[in-house]
Each structure stands twice: as structure tokens, then as C-alpha cells.
Amino acid sequence: MNWSAFILRRLLQMIPTLLGVVLLVFFLFNWVGGDPAYLLAGKMASPEDIANIRHQLGLDRSVVYQLWVFVKQIVTGDFGLSWATREPVSHIFRTRLGPSLTLLVPMLVLETGVAVSLALLVAALRGQWLDRTLMVTSTVVMSISLLVYIIVGQYVFASLLGWFPVKGWSDDLWRNLTSYAVLPILLGLFVSVAPSLRLYRTFILDEIHQDYVRTARARGFSERRILLVHVLRNAAIPIVTNVLMGLPGLLTGAFLLERFFAIPGIGREIIMAVERSDFPVIKAATVYVAVATLLANLLADMLYRALDPRVSLEGKQDD
Amino acid sequence: MTEPVRSPGLWVLAWRRLRSDRVGLVSLVIVLFYLGVVLLSSMGWIARDWTREVGVNYAPPPFWANDQDETAKALPPPPEPATPPSLYGLTDPLGSVLADIRREYPHDLVTHDLPRRLTLPLGGDKWGHDVLTKLVKGSQTSLMVGLVSALLATALGTFLGALAGYFGGWVDDGLNWLFGVFTAIPYLLLVFAIAAVLQERGVTTLILILGLTGWTGVFRLMRAEFLKHRSREYVLAAAAMGASHARRMFVHILPNTSHVILVQLSLNVVGFIKSEVILSFLGFGVPVDVVSWGSMLNEAQNELVLGKWWQLAAAGTAMAILVTAFSMLTDALRDALDPRLQRRED
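Those protein sequence lines, which keep their order, are chains A and B.
The opening residue of the first sequence carries number 1 in the working numbering; numbering runs sequentially from there.
The opening residue of the second sequence carries number 1 in the working numbering; numbering runs sequentially from there.
Keep in mind that a hint or two might mislead.
Said to hold, decoys possible - Taking lysine to any residue pairs in the SDA-like style, the calculated list, with each CA pair at most 20 Å apart, reads:
#1 Lys72(A) to Leu57(A)
#2 Lys167(A) to Lys228(B)
#3 Lys167(A) to Glu303(B)
#4 Lys167(A) to Ser244(B)
#5 Lys228(B) to Val203(B)
#6 Lys228(B) to Ile261(B)
#7 Lys167(A) to Asn298(B)
#8 Lys126(B) to Val152(A)
#9 Lys72(A) to Val5(B)
#10 Lys126(B) to Lys167(A)
#11 Lys126(B) to Val148(A)
#12 Lys167(A) to Ile261(B)
Quick caveat, the hints were computed from the structure, so don't treat them as lab data.
Excised from the complex, chain A in its bound form (with noise of 0.2 Å):
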């Protein structure tokens, strides 16, 4: 089978869960959640308010109808004003996209490459005081709470050493790089560094117990050389794998940096949203952060078989 093919078929397969995820929202959101008209309207509503919403938001014809103007909107990506800032809703992902991923881009690449290379180091000094007190270290730094760094980071990095500033945003990309974003990227850092070093290390020491490894001993390679060369080529399969997975689950991961920083991305605005039950932009950010989600994973999966020459694109994936 070729790419296309392949690209083609798992393009399809993605088909059934799409609905399914939209299915989920429209369920979530138009039955689960009682009327958004009663919602909209206010506490002051008189019937002839709720009505006239009901009218507006299309909730008074058919399941069928509602479902299909939700399809409509996720296919044209209109999904019409914000309910607390009259904003397009388009408006709002377009605009807040650009800070999120000047705040998740160097934070993805610093992470990949401070988690890989430590992970060298500790599985290169296994079982050494080193890699146990990093590995001890990871662990306490895992078990306390994403706020309490973000807190406490923000606290002393800011407001008391003034290091950097405390919260804010600029339209210049170098400026946003230099002095906004740092704290935020270097917290984030902290936070993300653990779990994928102990992940990392786990895949490194696999590939160490291979057969080929003792065979490049045999033949006189340095460690170096092995482990830099031999053991961290064949390491990569499951690491590029990982950070592509991870990809989405950054998105989210920044929601309470954003937050905190006051970073106008998609994070922030999302829980904003949620604040405000503002619907149309939850609704929009589940079906399009799933959209991101299932293409993020066909990626990871192409990028493994084109890493990975033993498996083979007809190969049936199972779990």
C-alpha cells in the first residue's frame, strides 16, 4: 500500500469519530444543559423574551434541524457571535491562536530537547546517584500541583524579584518572546520536563538491553558513540511519537498559564468561556480541538511508520 492510500484510509476512519464527537457536543450542549435560552435571557425574562430567543437560536424546530445547522457551522466554520462579547466566533480562534503558540512553541521544543538529553544523561549514568536523585527529584517535582509552581513562580520571579513582568501581552512577537512569554515558558518547562524524562528514560533503557547494542560494543564503538548514535536513533520512534501525541494535550496544558499570565490565547479564552457560559465558543473550540486531536495522532502514526521500517503501512493496528 502506498501513502495516499494509507493517508487516505485513516482519513475515513477519522469520518465515524468526527460525528460521534459531534454528536456529543450537540448532546452536551442542547440537552444535558436544560434551555441556553433561560440562560441568555436573564433572570428578568418575561415569556415572550425566552420565546423570542428560542426563535433566534433556532430551538424551537426540530432535533433534526438544530443538528444540521451545527454541522453546517462546523463545516463553514461560522458559528456566529460570541453570547458575551458579540465577537465572531471565527474572530476569536483566528486572533488567539497567534499567542498560544508563541507561548506552546519554544515551550514544546525546549521540553523535547531538555527532556531527551537528560534522559541521555541519567540512562547513560543508570543506577549512579544522579540518575536516582533526578529520578527521586522528578517524582516530588510531579506530585505538587501545576498551581502551586504557577503561584509561587509568579510571586517571586515577578512581583518580588521583578525579573520579569508579573502578566501582559504585546502585539511584537520578539518583545512577547524576550519578556511576556519567559516566565510562563520556563514554568511550564519545569512542570512538563518530569514526566517526559521519566517516560524518555524508560525508552531509552529498552533500546540499551537490545541485541544491537551489545553488538556495537562488540565492535569496539565508544558508549558515546553508542548512545548518541545506535540507541538514541532507535529511541526517537517512541519519543517523536509521544511529543506528536502530546500536541493537543499542550493546548489545554496552557490553560492555566494563559490564565495567569493574562495571555490572550485560545486556553484563556476557553475558560473564559466557560465562565460566561459563552456556548458557541465552547462548542466550536471541543469539535475543532478534536479536529487538531485526530490529525495530531495521524501524523504521530505516519511519522512512526516512516521512522520504523519494520512496520508496515497494511499493518492492522490494534490495541
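Could you slot chain B onto chain A? The hints should help.
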């Protein structure tokens, strides 16, 4: 006659292995201590009156008191009993509500009569609540939410996983589709969406949200387990003896997967405690009259700017200790229950 030799069962062996694991044992003791505190507190034996304002506002812990905080020393004079304002012959519109409140809380919420303490063991919060009792109450909420929602999620995941793995075919396809749908949406986003829809905040709501969304991890593992076990000889033998599907699934196979369930359960407890803290911090979790680690951290955020660090330290430390102990206990359980699994720690 010789006594028949009984070989020790899985749990006895597992307990023996756990007992020799010092880290696991210490973790177990810590977790049991927390559970004991939660039990005592939910029985109402300790920390019942956490709403009482026993200290001055922001009462510091004793060791911090002397050199810091001049404000704490200036004890506010006990306010004069206020004379009820003349109502000009009108009925007080809130009168009945206030009477209800007084009936519900017989001892005055604002304790004017008691001299307020200048220091409290772990400090006091903005209103002078004792952080120690608050911490106990908060641990109760957070741990209960974590435990109950983990039980719910694990039960749901086990049941659905059992169905999918055991029956296969269209049941498996359908449940896998459901699994795909739930995992396509990042977990926290899904939880936020549900929190947005459910307008009422409450511990039960929180448990339902976490429990009904968190089953996917258990489902995946249990499905694989049942897939593996359904064609094993003992299950085929049970089928030959006429055991029904339900009996084969839950009497024969389920006990053989109990180690997976237990490990998943304790993993879930840690995960849900973390989720609860984040949700309550953001105000989507427990209601305002319930205290949890998340709501404490929320208050602590503003207190820290004023230099009142003790509530943050208390809630953060209590959570960190429990999460560390629980994670290490999970590792120890995994090792003890599955001796074939060699830990790759070298």
C-alpha cells in the same frame, strides 16, 4: 494423615512482597493516615467547626508571629452589640431568611464573644478560620471526590471493557467508537465543556463529571485483558460446564484481572485529585461553601501577594505528600501484584 498443604493465594503473596518493599510500606502508611483523617472528619469527629472564625484575620503561625505582621497584633476591639435599626413600621424583607440562618447555625457564625487568637498552629485565613481544620476538611473533600470518582470511572471502564473484550464483534466496534470519541477531545477540555453546561456546582456533580469522562484508560486495558482471557482454557472449561456469559465474565475472568483494576484505580485517584484541584481552583468545581485543596489554593493566590503564605504552603504540601505517597504506592502495588513484570529501573 498429613494436613493438605495450602499454597498461599495471590493476595497473600502480594502482601508479602509489598511488606518487603520499604518505600511501598511507608507510602501505604501515609495513605492510610490520610484515609483515617478523612474518615474521622466525615464522621464529624474532627474539624467540624472549620467555619468558626477563631483567630484574627490572617493570624500567622506561631513561629512567624513575632517578627512579622504588626496588623495581627492590633486586636480589633469586640464590636458593640449593634442596636437593631428602626424599621419604620416596615417588615424586614430578609427577616425570614435571617431567622432561618440563625436557626440553622445556633452558635453565632461571627464569634464576638470568644477572644480571637493571635496565632494559630498553621495560621489563619482572611476571615480568621483555622487553616489546620480547614486543611482537614479540604483533604476530606478532595480525597472523597478523588476516591468516589475513581471508583465510578474504574467500574464503568471495567464493565465496558469487559463487554468489548469478551463479546468482540459489533459490541466491540461500538464501544471502541465511543472510546475514540471520548479520547478525541482532550480530557480537561471535555471536563470544562461539561462543567459549562451543568450550571450547578456541587460535589456530586463534580464526581459525576470526573467519573463519567475518566473511564477510557481503564476501558482500554480491561478490553485487552478480557480479549486475552476469553479463550483461555479455564474460561472454555467454565463454558463447557454451562456457565453463562455473565458468570464467565464476572466470576471467572474478573478476579484474574483484579491486579490491573487495583493499579488503575489508584492511578485514577491521583489523576482525579489533581483534576478536582484545578477545577475547584478555577471555580468550576466545589461550590463556595465547600472547602477543598483547590478552593484553598484559590484563596491562597491572593493571600500570597499580601505575604500570607501559610494557607498556600499547607494546601500545597498536604496535596504533594498524598500524591507522592499514592504514586509510590501504585508502583509498589504494581510490583507486588505482578511479579512477572520486571521494573526497568536497573
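(message) What's the verdict on Lys167(A) and Glu303(B), does the C-alpha distance respect the 20 Å limit or exceed it?
(response) Answer holds: Lys167(A) to Glu303(B) is near 18 Å, not above 20 Å.
(message) For a C-alpha distance cap of 20 Å, please report whether Lys167(A) and Ile261(B) respect it.
(response) violated, 44 Å
(request) For the pair supplied as a hint, Lys167(A) and Ser244(B), confirm whether the alpha-carbon distance does not exceed 20 Å. (result) Roughly 63 Å separates the two Cα atoms, so the pair is violated.
(message) Run the distance test for Lys72(A) versus Val5(B): straight-line Cα separation, threshold 20 Å.
(response) Roughly 71 Å separates the two Cα atoms, so the pair is violated.
(request) Below or equal to 20 Å on CA atoms is what counts here, so check Lys228(B) against Val203(B). (result) Status violated; Cα separation ~38 Å.
(request) Mind checking the alpha carbons of Lys126(B) and Val152(A) for me, to see if they're no more than 20 Å apart? (result) Holds - the C-alpha atoms of Val152(A) and Lys126(B) are around 19 Å apart, at most 20 Å.
(message) Just to be careful, I want the Cα atoms of Lys167(A) and Asn298(B) compared with a cutoff of 20 Å; is the pair within it?
(response) holds, 18 Å
(message) Can you confirm whether the C-alpha distance between Lys126(B) and Val148(A) stays at or below 20 Å?
(response) Given that 20 Å is the threshold and the Cα spacing comes to 19 Å, the pair holds.
(request) For the pair supplied as a hint, Lys228(B) and Ile261(B), confirm whether the alpha-carbon distance does not exceed 20 Å. (result) holds, 15 Å
(message) Tell me if the straight-line CA distance from Lys72(A) to Leu57(A) falls inside 20 Å.
(response) holds, 14 Å
(message) Would the hint linking Lys167(A) and Lys228(B) be met if the CA-CA limit is 20 Å?
(response) violated, 53 Å
(request) Please work out if Lys126(B) and Lys167(A) have their alpha carbons no farther apart than 20 Å. (result) With a Cα-Cα distance of about 25 Å, the restraint between Lys126(B) and Lys167(A) is violated, given a limit of 20 Å.
In summary, the structure is inconsistent with hints 2, 4, 5, 9, 10, 12 from the numbered list given earlier, while agreeing with the others.
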